[in-house]
Structures are given as structure tokens and as C-alpha cells.
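Visitor: Spelled out from the first residue to the last, the chains are:
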Amino acid sequence: MNTPRTTYFLALADDALISSQRLGWWISRAPQIEEDVAMANIGLDQLGQARALLSLAGAADGRSEDDLAFLRDERDFRNVCLVEREQTDFGVAMARLLVFSTWQHELYAALAHSSDAMLAAISAKAVKETAYHVDHAAHWVRRLGDGTDESHTRVQAAVEAEWPWRDELFDTDFLDPDLVADGTAVDPATLRDPVEQRLGTVLHEATLTVPQARPAYSKGRLGRHTEAMGFLLAEMQHLHRSHPGVTW
Amino acid sequence: MMLTFVTSAVTVVDVYGNDFTAPGDEPTAPSASPAGARPEEPASFVALLESEGRVEPRDEMPEGYRKTLVRQIAQHAHSEIIGMQPEGNWISRAPSLRRKAILMAKVQDEAGHGLYLYAAAETLGVDRADLLDQLHSGRQKYSSIFNYPTLTWADVGAIGWLVDGAAIVNQVPLCRCSYGPYARAMVRVCKEESFHQRQGFEILHTLSHGSDAQKAMAQDAVDRYWWPSLMMFGPPDDDSPNSAQSMAWGIKRFSNDDLRQRFIDMTVPQAEALGLTLPDTAIAWNEERGHYDHTPVDFTELFEVIRGNGPCNEQRLSHRVKAHEDGAWVREAAAAYADKQAARQSHEGAA
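Order-wise, the sequence lines are chains D and U. For the first sequence, this note's numbering assigns the number 1 to the initial residue and increments by one for each residue that follows. For the second sequence, this note's numbering assigns the number 249 to the initial residue and increments by one for each residue that follows.
One should not assume that every hint holds.
[To be verified] One-sided and incomplete, this derived list gives chain U residues near chain D with beta-carbon spacing under 10 angstroms:
| # | residue |
| --- | --- |
| 1 | K348 |
| 2 | H384 |
| 3 | Q462 |
| 4 | W577 |
These are computed hints drawn from the structure, not numbers from a lab. Virtual Cβ for every residue (Gly too), placed ideally from N, Cα, C.
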């Protein structure tokens, strides 16, 4: 049984892990070789964040990072649905990365002052990484938005598709208020204004329109995922689960 | 778009810095002039080679030397880029997060090697986009080893240990290649490949000391990758028509058979350390020669793979072409954006 504290750490870890899993798909499929390198790099940073956070989450009851990544079932994953959906279009990948990394950057900047020393240390490192991720995504969204007619149309459509899924990033329901009160966690609702402001600026620079979208039904924080999640986990976990108890 | 290999054209296969054709296909050595008569080599070039100096982009060089290097470096670059696929195939399924991180970093390194090598080729007056077009249209090749599938996780280990191991044996001498930019790129590539080989060995070591199923997985991978790895060095010296010219130019330093023997001598003790067997019962230490004896390699399969009939030729190329075509709108947008930015800056500058 997870404590509220563990649940919080898992939510942040799972966001990073699942986003990394989706980014890994791009390695050998990017529009140019420099971008294969960049997407691998960002995916690696996120994977590193996930490993540190999973280890932190598992420390209380002796579960390893691999136990948590490979042996939990879908309903026990706590990532937002934003990151688990398929992304085989480069415009979608960059629009999503812009949303996710901007949120992560604000989050980690705040968590660098967490009363949990380990979480603060992990966040202090991650805030530097995510600053680069935001920069990379923002550059691409500007290039695509203010590039050709085709790229403008495509990235606008990508932004429209991603926007409804960002609301869950600011959901507070899953979080025990005591964790906010004692300074461990950051209230996600407080991140909304700075994140939205930064996203709006980038979209404006990219000559894109901020969608007026209603929030998607997105309850990944409560373990209710999209249909894409089961396939993602089946692929990710299959080999590990096929050989119980061995060392890799 | 479905691409077929044009086997009647020059079918050169770069094997990480080695190149050769299948028998019956046209020879790969570029003939700089008809009837095999090569024009005089510039005196400065001859003097550089004689003094073991480095040829730099601005130096005079024979056209045949330049063409040979462009082809070899481009094919080496293509091999790195296509080589991302077989291992990339396991990124989503790596059995631990540590292994996933190492594998992502490794495949990322391969993309980086491709970038250094395309840049080295560009010093010879060619353009990366043109080289990629030649890869995509089948006019330039990549190492045949990547036309084999990665069927299990152990294949990631076998590729690191055997394929990267063979690549290193081929590439270390290229660090002393007569062409400066290629030689310098290879210094960095070899350092990273050496790390890759150790991680492949470590994957197999873990598997061969694990459960029965893991050990069987490791042995199966070594059984499948051993012979293709030996074929990476190219045909026997007697059937390698390009080698003499490349050696005279200081591009190639050792013969195919010498490099293959070096690889076998290095690998047999490592296999023993792993507790895995190599699928050749003739392997035995020959005291007199100071080398391991082995069964001669049957190149029938290699030449079939070079001709396009390997298990993954179509898959690897169409994956690469699809990525390129799917990304066209992105590259066009980046170019259009850069043009707009430049125009805005010049407008501001004029104002």
C-alpha cells in the first residue's frame, strides 16, 4: 500500500518514465540526425529523473526502481495521460514536449526548495535539464509555427490535440494536502499561471493560436489511463516479466 | 516507397571502414581515367604519403583518392545511421532501466558518429543531403551486418561484443589513415566503440552467469552473430581487388585476412571468459603460427546479403527512407523559418 508520500513521488517519476518511453521511439526516426541525438538526450534526462524518483519512492518499502517500473500494473501507474498517448508526428512530439517540460521546469524549480532533502536534490538537477528541454521544444514550435503553411497547419493541429490534456498537470485531487503543508510537495494548481503564461508567449511567437479547449477526461493521476497505456506497458514490461527474479 | 537494390551497379559495401563488392559485380576502385592509367599523382601528395604526413582538405590530392575516401567515409556514416535500427529495436523493451539508459546512450552515440563522419566527408566537397539521397536510392551501401535482425535482448549484447569488436579492429588502424579529417573522427569514434564493446561483453557476461534461459539466449545470439561478424572484414585477400590501392594511399593499413585473424585472436579468450562457445569446432591455438586456426569463412551468405537478399535489407532501408520522408515537412519548415529570420534581421539592419 502506497503512502501519500510514495504516491506523490510515483506520480512525478511515472510522468518522466512514460514520457521517456515515448521519446525513445524517435531514435532512428527523427527528421534529421541532429534531432535523433537531441530526442535521445531529452529522453535520457527524463529517464534519469524517473530512476531517481522511483528509487526515492521505493526506498520506504524496499522496492527497487525496476520493481516499480516493470512489476506494477497499469492501474498503479500515476502519470498524467498527456505523456502516455502515442506521438508519431514530430509536431505532436514538440507541442507535447513544450507543455510537459514547461510544467516540469516550473515544478522542479519549486521542488528544489522541498523540505524533503532528496526530492530537493533531484529537483535541483532536473531543473537545469528541463530548462534545456523547454528551450528545444520552444525553438521547434516557433520554427514549425512560423515556417511553411503546411508546418503551421500541422503544428497548430498538434497544439489543439495536446492542449486539453495539459489540465491534468494542475490537478490537486490526488495529492494529500498535508504534503503541501509540510513543504514536501508543491500544489500543482499554483503552477498553472506561470506555465500558461510561458506557453502563451511561445505560441504567440510561433504565430499560433492558443486553443480554447475544454479539459480532456484525464485521470492518470488516479490510475485511470487511456487505452494507449496498456500497450505501452505491455511492450516495456514484457521481457522483464518473462524472466522473474533474474539479474540483467 | 519501395526501393530495390541495383545490383548491376557498383555494389560497394562499407564494413565500418572496409569496402568490397560481391563477385561478378563491378569493381569498386574508381578508375580515374580510361584503361586503368592513373594520371600522375601530385608531387606534394606523394611526398606527404612518403613522410607519413596527413592529407588535409586544402592539399592537392588525386581524384581517385578523393572519390575513394568520399565513398568509404559516406558508407561508414551510413552504417552508423542504419546501425541505430537493430539496437534501437530494443530500447522500448530493455529489461531494466539501467540497461535502457545505456542502450539509449549507445544508439545516440551512433547518431553522433554518423554526424562526425558526414562532416568529414563534407571536407571533400560533397554534401550530406546528397550522400543521404544516395543511401536512400540504394546507390551507396552500408555494412551488411545491420541486415540481420535482433531477435532477443542478448543480440544487443552480441552486437556490442562482436560487431562493435570487429568494427574496432577495422577502425583502430583508420586513426592513422592518411586523410586527416577521417583519421581524427576515427579517434573519437574508436573511444566510444571501445566503451560499446565493453557494455556488450557485460550484457553477455550477466546473461551467461544468469538463469538457464538467459544463458541459452546469450549462446543463441553468439551462434547467430559469429559468422556475420567475421564476414565484416570482407573477402579473403586474394579476392579483394581494391585493397592494394587503398593500402598504397595510406587509407587501409592491414589486409582483410590480417584484421580478421586479429579479431579472432582477441575474441576466443573473451568467449572463454564468458563461458560461451563460438560456433566453430575448428578453433584451436596454433603454436607455430601464433594464432588461432579456424574454419574458413563461407562468403556465399555475405554476397547474398550484399546483393540485397539478407533478412532485413528492405526493412532497414525503408525504415530510413520513411523517417526521412516523414521529416521532410519539418526540415522545410526549419529552412523557411531561418530564411524569414535572416530577412527580418537584414531588414532591421537596413532600417
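Visitor: Going through the earlier hints one by one, which of them does the structure break, listed in rising order?
Guide: 2
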